[in-house]
Amino acid sequence: MWRYTLKRLIQGIITVWFIATATFLAMHAVPGDPMSGDRAVSAEIRKNLEAKYGLDKPLSQQYVIYLGNLARGDFGISFTQQNREVNDIIREHFPVSATLGILAIVFASLGGILWGALTALYRNKLPDIVIMFFVILGISVPSFVFAAVGQLALVKLNDLLGFSLLPVAGWGTVSHMLVPSLVLGLGTMAYLTRLMRSSMLEIINSDYLRTARAKGLPATRIFTRHQLRNAILPVVTVLGPSIAGITTGSFVVESVFAIPGLGRYFVQAVQQLDYTVIMGTTVFFGSFLVLMVIIVDLLYGFIDPRVRLA
Amino acid sequence: MTTVQPQDIAAGPPLLEVDDLRVEFDTYGGSVKAVRGVSFSVAAGKTLAIVGESGCGKSVTVQTLMGLTPMPPGRITSGRARLRGVDILGRTEIGGREIRGREIGMIFQDPMTSLNPTMTIGRQIAETLEVHRGWSRKRALDRAVELLDMARIPEAAQRANQYPFEFSGGMLQRAMIAVAIACEPAILIADEPTTALDVTIQAQVLDLLSDLQRDIGTAIILITHDLGVVARMADDVVVMYAGQVAEQGSVEDVFYRSAHPYMLGLRAAMPSNSSDRRHRLLPIEGSPPDLFSPPTGCAYAARCPHAMRICSTTDPGAFSLGGGHTARCWLHGDKAPRVPQLAYAGAAPGLKA
Ligand SMILES: Nc1ncnc2c1ncn2[C@@H]1O[C@H](COP(=O)(O)OP(=O)(O)OP(=O)(O)O)[C@@H](O)[C@H]1O
Ligand code: SF4
Ligand SMILES: [Mg+2]
Numbered sequence: 025m026w027r028y029t030l031k032r033l034i035q036g037i038i039t040v041w042f043i044a045t046a047t048f049l050a051m052h053a054v055p056g057d058p059m060s061g062d063r064a065v066s067a068e069i070r071k072n073l074e075a076k077y078g079l080d081k082p083l084s085q086q087y088v089i090y091l092g093n094l095a096r097g098d099f100g101i102s103f104t105q106q107n108r109e110v111n112d113i114i115r116e117h118f119p120v121s122a123t124l125g126i127l128a129i130v131f132a133s134l135g136g137i138l139w140g141a142l143t144a145l146y147r148n149k150l151p152d153i154v155i156m157f158f159v160i161l162g163i164s165v166p167s168f169v170f171a172a173v174g175q176l177a178l179v180k181l182n183d184l185l186g187f188s189l190l191p192v193a194g195w196g197t198v199s200h201m202l203v204p205s206l207v208l209g210l211g212t213m214a215y216l217t218r219l220m221r222s223s224m225l226e227i228i229n230s231d232y233l234r235t236a237r238a239k240g241l242p243a244t245r246i247f248t249r250h251q252l253r254n255a256i257l258p259v260v261t262v263l264g265p266s267i268a269g270i271t272t273g274s275f276v277v278e279s280v281f282a283i284p285g286l287g288r289y290f291v292q293a294v295q296q297l298d299y300t301v302i303m304g305t306t307v308f309f310g311s312f313l314v315l316m317v318i319i320v321d322l323l324y325g326f327i328d329p330r331v332r333l334a
Numbered sequence: 084m085t086t087v088q089p090q091d092i093a094a095g096p097p098l099l100e101v102d103d104l105r106v107e108f109d110t111y112g113g114s115v116k117a118v119r120g121v122s123f124s125v126a127a128g129k130t131l132a133i134v135g136e137s138g139c140g141k142s143v144t145v146q147t148l149m150g151l152t153p154m155p156p157g158r159i160t161s162g163r164a165r166l167r168g169v170d171i172l173g174r175t176e177i178g179g180r181e182i183r184g185r186e187i188g189m190i191f192q193d194p195m196t197s198l199n200p201t202m203t204i205g206r207q208i209a210e211t212l213e214v215h216r217g218w219s220r221k222r223a224l225d226r227a228v229e230l231l232d233m234a235r236i237p238e239a240a241q242r243a244n245q246y247p248f249e250f251s252g253g254m255l256q257r258a259m260i261a262v263a264i265a266c267e268p269a270i271l272i273a274d275e276p277t278t279a280l281d282v283t284i285q286a287q288v289l290d291l292l293s294d295l296q297r298d299i300g301t302a303i304i305l306i307t308h309d310l311g312v313v314a315r316m317a318d319d320v321v322v323m324y325a326g327q328v329a330e331q332g333s334v335e336d337v338f339y340r341s342a343h344p345y346m347l348g349l350r351a352a353m354p355s356n357s358s359d360r361r362h363r364l365l366p367i368e369g370s371p372p373d374l375f376s377p378p379t380g381c382a383y384a385a386r387c388p389h390a391m392r393i394c395s396t397t398d399p400g401a402f403s404l405g406g407g408h409t410a411r412c413w414l415h416g417d418k419a420p421r422v423p424q425l426a427y428a429g430a431a432p433g434l435k436a
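Just so you know, the protein sequences line up as chains A and B, in that order.
Numbers given in our numbering equal positions in the first sequence, counted from 1, plus 24.
Numbers given in our numbering equal positions in the second sequence, counted from 1, plus 83.
Hints may contain errors.
[To be verified] Below 25 Å or equal to it, Euclidean Cα-Cα: the simulated DMTMM-like pairs (lysine to aspartate or glutamate) are:
| id | chain 1 | residue 1 | chain 2 | residue 2 |
| --- | --- | --- | --- | --- |
| 1 | A | Lys149 | B | Glu107 |
| 2 | A | Lys81 | A | Glu116 |
| 3 | A | Lys31 | B | Glu249 |
| 4 | B | Lys129 | B | Asp294 |
| 5 | B | Lys221 | B | Glu267 |
| 6 | B | Lys129 | B | Glu275 |
| 7 | A | Lys149 | B | Glu267 |
| 8 | B | Lys221 | B | Asp193 |
| 9 | A | Lys180 | A | Asp152 |
No lab work stands behind these hints, which were simulated from the structure alone.
Can you make the complete structure from the sequences, with help from the hints?
Okay, structure coming up:
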């Protein structure tokens, strides 16, 4: 298990390096730079700025400096927000995104397991058909539509009630978090429901469930001890990649619900070609995702003895 | 109150009696008549072997007894099964005792997939005892170790804490046996228990089964394709063909006084270690009938070398040869020609069962 953990960590570091390099190259491949925005700067100021940020050096040298800074955890200073360190931006706004994301994942996995188990229990009966209809909707409709529709529904609901039951936008209290995280988790929930359903159905026909029945165990025990636990395994394996999906979804949801998360900053930075913020947040998000996938894999090991003990 | 008949005392009442069991499956293509009137009985502490080619209804028969046949699509269209005289079909318990796991234990063909991959072997054995005997987890686990030991698993105490993937196939089948006998069932059903194992392991597992049978006195219903296994293990044999019993009787009768052409065919197809160099394996040509619409006459008629005109039009029914030996074949009728290899009832043929 330790060897495995170490191996995964090294793989993770290589992945992050890859992300960092790709971001760097992409950044320098796009036309324009932070100084060529709406406010044109004179050639002289431009030269000074380039010198300040090291943009006048050859690309290879810039790359080495960039990697060196990354290794020290220094993402540099924002181009567009004077004297604001990228690290500060991350420190301030990431917790908001993380809270939103964690809530979304919790919604998605609990919902996915619950609905998936239900559809399998009521296979081809009404609850299954109804839930699977929503699942197809959830998988095929992109998250920005859910975000907009969710917000609109909230407005209508508050109008109807005559008072504000849940806030329509913003951040701060639990009531701010509910709808955005639900909206953010919906697509993943739908996907996990489908996965859970098929893994439940596969296990219903498995040899070991037949053994459990032949042992004369009560139905509830067969369901919880033998079916559910094994059916959850595939769901856990995709949780890591699902976190990636939720992260990208959060860019949209944060913008729609005016949530001061890192995703919103990222989108802004891209619009303004704020090199350091883009590269910093991309590498940060990348490392975060890689770490999450590793954690989920290790977690999986604890549930599945075949992985834990191998 | 049931009155005890004198002949019952003499023979000892059978532990399990299956009478005219019929099972169908409703499918899109129509209904599959998988079991078409199967009757047999199992005596306490004895071994009954069920043989017959793939798809003839062996598994469906025993799984129906256990209530494991999925319904729907399955349907019991007639028949009874009595354990110690009490009906068990469609019931989960008799006299407060669970049928599955407690009265009847079962092991399956593929040990690699028949145990829960995420539960320790010990827990999977203990679970049965907790549920059926109400034992504490600790007590049940202790017993699980003993059972593994009885199943000849070395270092049973450590093994109990391991997961199925840490066991070899042969050891898993032994662990399965430990699961099945945990509550000392009256009957152990083994559905092709050695088919998935290699030959040396097969012998060990079969030895284990017969030793356990002697120790705890359980009856065994053994399903197999292997006539060698039948000869070695069984007291009685049921030969099934296309959902029916073609021939049944004691192992000596069925093997050495075979009364059904299908059984003769099976014997000819069986490799023997006789020194007779001219002995050639003769496969039975053709394939079993379509169970969606089984033939009205003898099910074996299309493949039988001795088929007569009556065979394809009228079902022979079971002829008795005495001593519980029956054969479902017109050759035992009064006017049928004599087939030299076939055994007949005494001197006088044609005693209808
Ligand atoms: N769930 C089911 N639905 C439809 N048909 C079924 C079902 N289960 C069994 N059958 C049919 O019942 C017949 C008997 O099957 P069964 O499994 O009892 O055969 P078997 O004698 O055990 O064969 P094998 O030696 O291959 O195990 C087969 O024709 C099979 O297709
Ligand atoms: S009844 Fe006829 S066809 Fe059937 S086994 Fe006997 S001889 Fe052959
Ligand atoms: Mg079978």
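Worksheet entry | Hint consistency between Lys81 (chain A) and Glu116 (chain A) [alpha-carbon to alpha-carbon, up to 25 Å] | violated, 31 Å
Item to complete: Decide if the proposed pair is consistent with the structure: Lys221 (chain B) and Asp193 (chain B), CA atoms, cutoff 25 Å inclusive.
Response: Distance ~29 Å between Lys221 (chain B) and Asp193 (chain B) Cα, so the pair is violated.
Worksheet item: Straight-line Cα separation of Lys129 (chain B) and Glu275 (chain B) no greater than 25 Å?
Response: Roughly 17 Å separates the two Cα atoms, so the pair holds.
Worksheet item: Taking only the CA atoms, is the gap from Lys149 (chain A) to Glu107 (chain B) under or equal to 25 Å?
Response: Within the cut-off at roughly 24 Å; holds.
Discussion item. Just to be careful, I want the Cα atoms of Lys221 (chain B) and Glu267 (chain B) compared with a cutoff of 25 Å; is the pair within it?
Written reply: holds, 19 Å
Item to complete: Below or equal to 25 Å on CA atoms is what counts here, so check Lys31 (chain A) against Glu249 (chain B).
Response: holds, 23 Å
Worksheet item: Is the hinted pair Lys129 (chain B) and Asp294 (chain B) satisfied, with a Cα-Cα distance of at most 25 Å?
Response: holds, 12 Å
Item to complete: Please work out if Lys149 (chain A) and Glu267 (chain B) have their alpha carbons no farther apart than 25 Å.
Response: violated, 40 Å
Worksheet item: Has the given pair, Lys180 (chain A) with Asp152 (chain A), been kept, meaning a C-alpha gap of at most 25 Å?
Response: violated, 29 Å
Going down the numbered hints, you'll see the structure goes against 2, 7, 8 and 9, while the others check out.
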